[in-house]
Each structure stands twice: as C-alpha cells, then as structure tokens.
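Undergrad: Single-letter residue listing:
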Amino acid sequence: MIRRFQTWLFILLLLASVAMGIVLWQLLERAHQRLLAGQDSAPTPAPAVSPEERATLMVANDTDSSMQPQELTLPLPQDMGSRARVILGKLMDLYALPDAAHPVPGGAASIGQVFLLPAIDLAASPAGAVARRNPGLAASAIAAPHGSSPAHSNGAQRTEATAAPDGGPQLAVVNLTSAFVASHPSGIEPETLTMLSICGTLHANLPRVTQVRFLVDGQPRATLAGHADLTRTYLIQE
Amino acid sequence: MSDRLAIRSLRFLVAAAILLAPACLAGQQPAPVQTQTPAPPLAPKPASAPPAPRFVVVLDAAHGGDDPGGKFGALTEKDLALALSVRLRSLLVARGIAVVTTRESDATVLPERRTEIANHAAAQACLSLHATQTGSGVHMFVSSLAPQNPARIAAWKTAQSAWVTRSLALEGVLNSALLQAGMNVTMGRAALPSLDSMTCPAIAVEFAPEIAPKGGTPASALDDPAYQARLAEALAAGLLAWQAEVHQP
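The listed protein sequences correspond, in order, to chains A and B. Residue numbering for the first sequence follows this note's numbering, beginning at 1 and increasing consecutively. Residue numbering for the second sequence follows this note's numbering, beginning at 1001 and increasing consecutively.
Next comes chain A alone, as it looks inside the complex (with noise of 0.2 angstroms):
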C-alpha cells in the first residue's frame, strides 16, 4: 500500500522534472537564438578561382624509358612556388593512376612543397648535370651538357657561387613526402625517369628554372629509393 505522502512527493518531483525541462529547454532556445545573433551572417566570400591555364607535363614512360610531353589545361596559382606545386601534383596524379606508364603511388600528395630561389652559379662544375640519353627517347629529353667547355680542369667543384639577380635562373627546391619516397619502386630508371620528369616539367612551365634540388620531409636524403642521387643539384640544360 502506497502511503498519502509518498504519492504527493512522486507528483510533486514529476512536476518539477517537467518545470525544469521547460526551463532547460528555453534556455537552450535563448542560447542558439543568442549565437545566431551574435554570427556574421554576411555570404562567405567565394574562393578565388584561378583561371584555367595551359600546363605541359613531361611524362615518363617505363616501357620504352621515354618522355612525352603532354598538355592540358588546370587552374594554376599565381605565385610560382604554389603554381609549381600545382603543376607537379597533376604530373603525380597521372602516375598513380592504375593504367600509368610510370606508375609511381602517392599522387598530388605526394609533393610537399616547391620553393623558388635565385639560381647559384654551378655551369662550370661537372657535377649535377642531368641528362638522358636514349636513342628512343623524343626530343624532350634533357641533354647533356656535351661539349661544355668547362672553366676549371681539375674536375673539383666550384667553392664560389653567385646567386642569379632577380629575373635570372632560379633553383627551384622541391619537398618531396616520405610517404612517396618510401613507396616508390626501386631501380636506376624508374627513379632516373622519375626525377627527369620532375625537372622537365618544373623547366617546361617555369622557364627560369634551370636548377632541381630535392628533400625528403624537409631533410636531405642520399638516395630517392636506394638509387638516384638526392643530395646533388640537378642541372636543367636545353
């Protein structure tokens, strides 16, 4: 048997659960109606579309260790180092596409970022001069600086090197991601192929361009993937 008193106490904590759950409840409506005015509730500002640009890719090709190159049309940035970024993302993007001809993992991702320096003077040294030479390879290659007369005999490196003024070569330092470092095939001509591609494409959109370093995380590296030399400058020819 439920005593008198017990039943007024139920009634009276059930209306007083109902009286502050109208409470809360408006309370909660003071708070979003008091969030909604305190909002800028002007449009967003739309993002800044660039306009469509013509972009020239060098691709490689592993079957017959060639590089075509290949145009099309993307947005690109106005500031160079994001537009170069850009650039060698979509060149990244075709090579993780399941029917590649360079398949290489990671796509845009995979480029970190690229800086533009002004160039160092390096022309005289043997070191860092990037070629190819293939007797299928189309006339986008990069040659090799034969015939270069070189300033010094001894083969030793130039300790002095002058910066390029404004508006001369430029040294474009380019950050790779351990990610794509770590899952790019090994072997001299797909990582040869690889950084080829890379330089072709940075000097065919950014004439200026004439030198390629690269980082991996931002640290140097020795090797992209247990071959091709990281640590050296690569020297971009006509």
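Hints may contain errors.
Partial selection, computed: residues in chain B whose CB lies under 10 angstroms from chain A [what the hints assert, rightly or not]: (1) Q1133; (2) R1189; (3) A1208.
Just so you know, these hints were derived from the structure itself, not from any lab. Cβ atoms here follow ideal geometry from the backbone N, Cα and C, with glycine treated the same way.
Got chain A sorted already, so can you dock chain B onto it with the hints?
TA: What follows is chain B alone, placed relative to chain A:
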C-alpha cells in the same frame, strides 16, 4: 827396404808440399785442362714492346646485407645482382680476365668501400650490377657528370667526370654485344653516387624482365637462370671486345 821406401816417399811428399805451398797461398792454382767452346756471342734482344697492362674488370654486385635494394615479391635485388656477378666472374676468369669483385656473399658493403675497391684495382672496366622489375631488357647507365680533363687530384663526388668519355665508349661496346645476343637494350645517363666516384670506365648495368614482343607477359623473368646466363655471356663477350680495343696499339 820397405821402411826406406816409405821414408823416401814421405820426404818427396813433404818437398812437394813445400814447393806447392806458396803457389797455393798465392791462389795460383794450375788451370784445369778443358776443351772450352767459345761462348756464342749474345744475340741482340729484339726490340720488344712493354708488356701489356693487366686487364682487370671490377664487378660490383649492388646492395647486399642489410640493404636488399628493390624487393620484387620473393626476390631481392641484392640476390639477383650477386647471382649475375658470380656468373659473369666465372665466364671472365675462364677467358683469362682478372676480376675483382666488391662482394662475394650477402654482405653489407658501403658505397664508399665499393668505390675504393674499384679505384684501387686500376681496372679497365667497372660494372655495377643492378636489377629492377620496371621496364624491360637491359638498362645501361653512364654517369651524368659532364666530361672533364683528367686531373692529378680529383674530387671524390665527381671523379668519374674524367672517365665519362671512356665509359661511353665501353657502353657502346657492351651495347653491341647485347644487341648481338638479341637483347633489348636501353642506354641512359644517371646520377648514381657510387658510379660518380669511380676512376675507371664505369657502367651501371640494370637488368629487368624481358617482355615478349607481342603481349605484356614476361618472356624471361628476373630469376630465370637461362636469361641470366644469356646476359652474362653477352656481357662477357662485350668485355672481351673491350679488352681487344683497350690493348690495341
């Protein structure tokens, strides 16, 4: 009677000894009687050329030990390179060519040590042997350094620049031999740290599976012994041709 005879003989011997002693002391021994034939006059030596320098080939099986190189399923680049090195060494030694190898087993050899071995051997050909799953046939690479004149002291990282011209010549000879063996060859230039420091005609030889002319199925896998044997034979033939070219006056 016999005593007298003995005493006389003794006196004779003593007298003879006294007479001969000064001569013996003066070193004047009686010349032996012999029938000497005059020694034939020395024939003038033919004007022979200096001996040809020893032809040495350095075989550098890439990677090894802790460094497996490329991994192609169950295969590793270090094992494939070593297998080719062993085959090629046997063929070259059988043909009388001195061979220096950078490793004979699955051992870790630092790149600087490999270069030291090659440079101390004063070799006429240095082959760095690699394998890859990418592409097809044989890829040959010469250092991408620009050719330079030889110098008394060469920088370590660019020492190959004085040998690039010879390396290109060696690449041409090996290319002919490989093409003659019916192999698909790709030639190129690459920036490889160990190759760039060598002071010898140096080539990086990288072999990939052979692709059948029609279709994408490998005609010869990387670990196909027949393929490796054919490749080693072709390289040995090329090195013999290079030896003949090196020893040409």
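Undergrad: Quick check: which numbered hints come out false for this structure?
TA: Of the numbered hints given earlier, the structure breaks none, since each of them holds.
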